[in-house]
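Undergrad: Sequence:
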Amino acid sequence: AKVRLTNGFEIIAYIGGEGHNLQEHSIVLVRGGRVKDLPGVRYHIVRGALDTAGVNGRG
6 AKVRLTNGFE IIAYIGGEGH NLQEHSIVLV RGGRVKDLPG VRYHIVRGAL
56 DTAGVNGRG
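Just so you know, the sequence shown maps onto residues 6 to 64 in the numbering used here.
Hints should not be assumed to be uniformly reliable.
[Claimed, not checked] No farther apart than 25 angstroms at their CA atoms in a straight line, the calculated lysine to aspartate or glutamate pairs in the DMTMM-like style are these:
# : residue 1 : residue 2
1 : 7         : 29
2 : 7         : 42
3 : 41        : 23
Don't read these hints as lab results, they were simulated from the structure. Just so it is clear, the structure is predicted and the values come from calculations on it, not from any experiment.
Could you put the whole structure together from the sequences, leaning on the hints where they help?
TA: Below is the structure:
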């Protein structure tokens, strides 16, 4: 997912798990940590924080 940070940077972040509920103006929490098999993806979106729901059927 393309994410615009509060400092104006635009990054590409990975949404883990199966399926997600994010829409264009959702507010998300981003953490570091790259995805080895996806070039340029250096961040993860935290599931269960702010506008991102947790993964369905887990916990």
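Undergrad: If a hint holds in the structure, say so; if it does not, say that too.
TA: Tested hints:
For the hint pairing residue 7 with residue 29, the CA-to-CA distance comes to about 10 angstroms; that is within 25 angstroms, so the pair holds. Distance check on the hinted pair: residue 7 and residue 42 sit about 17 angstroms apart at the alpha-carbon level, within 25 angstroms; holds. Proposed proximity of residue 41 and residue 23 is supported: the alpha carbons are some 18 angstroms apart, at most 25 angstroms.
In this structure, none of the earlier numbered hints is contradicted; all agree with it.
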